[in-house]
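Novice: Protein chains in written order, with my numbering: chain A, 1 to 396; chain B, 1001 to 1422.
Please note: incorrect hints may appear among the correct ones.
Stretch by stretch, here's where chain B covers chain A in the computed footprint (C-beta under 8 Å, at least three residues) [stated by the list, open to error]:
| # | region |
| --- | --- |
| 1 | 145-151 |
| 2 | 171-179 |
| 3 | 203-210 |
| 4 | 215-222 |
| 5 | 305-319 |
Calculated directly from the structure, the hints in this document are not laboratory data.
Note that the structure is predicted; figures quoted are calculated from it, not measured.
Built from N, CA and C at the ideal position, the CB exists for glycine as well.
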Amino acid sequence: MTDDIPVLGDIRILDLTEDVSGPFCTKLLAGLGAEVVKVEQPGYGDVSRRLPPFLGGQSGPDVSGMFLYLNTAKKGITLDYETEEGASVLRQLAQGFDILVESCPPGHMDSLGIGYESLSESNPGLIYTAITPFGQWGPYRDYKGSDIIAQAIGALMCVIGLPGREPLKVGGNPLLCTTGMAAFSATMIALHVRDLEGYGQFVDISEMETTAVAQIHTSIHYQFGRAPERRPSNLTRAKDGWVSPGLETGVHEATWPRVCELLGVPELVDDPRFNTAPARRENQQELLKVVGEWAAARPKEEIYHTLQGLRSIAGYVATVEDLLKSGQLANREFFQAIDHPDVGKLLYPGPLFRLEGDSWHSGRAPHIGEHNADVYGGALGYTGEQLETLQQKGII
Amino acid sequence: MARLALEGLRILDLTQVAVGPYATFMLGYMGAEVIKVESCSRMDISRGQARPTPGAHRVYPGGEPGEEPWNRAGHHVHRNVNKMSVTLDLATPQGKGIFLALASICDVLAENYRASVMDRLGLGYDVISRVNPQLIYLKISSQGATGPERDYGSLGSTLEQTAGLAAVTGYEDGTPLMTNETFPDPVVGILSVGALMAALRRRRHTGRGGLVDVAQREVTVGMQGDAFLDFQVTGRVAGLTGNTHPARHPQGVYPCVGDDNWVAISIGSDDEWRGLCRAIGNPQMADDTRFVSSKLRGQEHGAIDAIIGHWTSERDHYQAMHILQAHGVPAGAVLKGGEIITDPHLKSRGFWDWVDHPEAGGYKQVTIPWKLSKSPRKQATPAPGLGDHNNFVLGELLGMTGSETEELVEQGVIGTRPVGAN
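Working from the sequences, and respecting the hints, build out all of it.
Specialist: Here you go:
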């Protein structure tokens, strides 16, 4: 392999996943140049095709922002593998693939005769990654999940929110995306093993366990005697939003006078409430009041840059609109333009990491069954006639 | 088949605080040999202060810092299992020399400093890759290795702000909130494992190492792609969304018996709605015309929440989850720290490792978010005391003699007690 061949350029992935976690995993694999063939139910397709946001008002299979983002650089075919004939086509197809990723309820693929046991018999190198809310075995294995369920049962949301109010989730679908990342990393480990040893294996990924890993404080704080609690933020208002000045953590002792000068409060240079980092932490709320008056008159991103310039660990609450204008992200060409016949050319978040010498693959998401002729005709050598028959039966 | 997946992979680990240590403890679980490098003058911040000031923001077992607080600090103990510890003062020429010698016998160098710290030490990627062209340099940073903000400082909590998460996390009538879990740290730790595997595969093909540039901000932004597309087409900016979901109605947390106990419920289909109506003993509500579609249920959220809350408030949160799930309803008890470590499901799946730490005592350790059928996880080894493996690494791996290492101790290049401990 030379430098021009992507890191997964020789890897074919059969992607039976839908919704968020699984497609996020295969999106990352596609980003590394694997050929990802997404298999959808004829007519119906991935459930995320029917999830908002719908771009352009009308809902339709090709305008869900969720679907379009999660399925970049994949090919699309249709196959009703719930039927006996469809399952047999899938069994044939799987022979030519290195990795299969699915997100069915545990045991479902086995019941169709196309589970890991069956597929790996004739393809022992197959890596089979299964992504579910709770994993393949254990008392909750048949339980249903969603992003908020993972955040609840994985002990993440118990510490988010305000004291005296209900626990709060992180916005969006972050735990489903994180599960997709866990599945990606695990699949890559399995591929590492296969490259070295030759055998494939079964990879079991659970949203609950991913969240339990993502709670970085709660379980250990509890065990060491300091149960964490929900608490207010240290944000203060800027002219156009919110910032966290970060003066209690990052600022070096010698810099404090410069901060006072900046804030126009020279009298605080020697004030024992603020002139050391521990004191600033101790008196965080008072400090916020002082900074607050200064910040309220200034734009949030300007405050962020100014305070970072003083080595404070400042932050500003960025919206999607702000991030599309971020100088840092623009400098790194993080957003990548992808054209799509139904929604036009839009900027998509791009590579989640960069390998020296490798570029990130990001073609548009496929229409339902867009690559049927390619994949069935190419890999399986189906004739046009055979394809038509399968189509008439509703299998593809 | 009990071979560990990453047996023989040696990692020189300069990471500290959270994101990098999270990545490397997971790699250790899969069999990698991880050599954690700190110095006696600059320990991993997770170890806390050599002599913590009262009320310092650190977590010690039983609240007791003990004689060697740096070896018992909760954050250190919890994030540095499966590693060896070496101290090296990288500001000294000897320290730099030993560091480069180590780099020449390792497969991977991992670090998560501000972008230019290693360059300033004279140990940047250019220098390292000349010493060992096969080395993979895993660089995890908040903003990435390039760009005008590459040297900005960050914490998990500020990344939540600058990467767009805080803007959508909060009560609908409130202000943006942070997770209090430095969420982008564990997440990027998890992803970095896969990024490193990709670089290793590339090395197998090309025979050369290379730089892996992971920006925590970009990864976190990457979890919100749909919102970016939506904004460009419709101009919508989601804002604070509480516990709601745009297509799942109802969704939220509901109070249960006991102090601060809640159950999360998330209805994604009409079938699940009917299941919920049955589960709460109100099957006829499934036919109530006010609630028959997801859209209507979204509009009638208040009325529905009152009905569900009435039912949950008479039940334990676990019990409510089990009853609802028995009717096919996505539901989950909102577990707390003491509950997640005893949860029967995680227990049956062997998720937690029991670790007996020589300084901190026994505790349950977070493990890894995957199970590979033929590549087992190894049993955790406790987080190392500062400099515990100086002799092994410098002696066994680099072949230094006892008198050579003793000299380094005398010169303060290596050691086992932090500056300021005495």
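Novice: For each hint, tell me whether it holds in the structure or not.
Specialist: Okay, the hints, checked on the actual structure:
Under the rule that three or more residues need a Cβ within less than 8 Å of chain B, the assignment of the region 145-151 of chain A holds, with 7 such residues. With a cut-off of 8 Å between beta carbons, the region 171-179 of chain A has 7 residues touching chain B; three or more are needed, and the interface restraint holds. Beta-carbon proximity to chain B at under 8 Å applies to 7 residues in the region 203-210 of chain A; the threshold of 3 is reached and the given coverage holds. With a threshold of 8 Å between beta carbons, the proposed coverage of the region 215-222 of chain A by chain B holds, since 8 of its residues qualify and at least three are required.
Counting residues of the region 305-319 of chain A whose CB falls under 8 Å from any CB of chain B gives 10; the rule of at least 3 is met.
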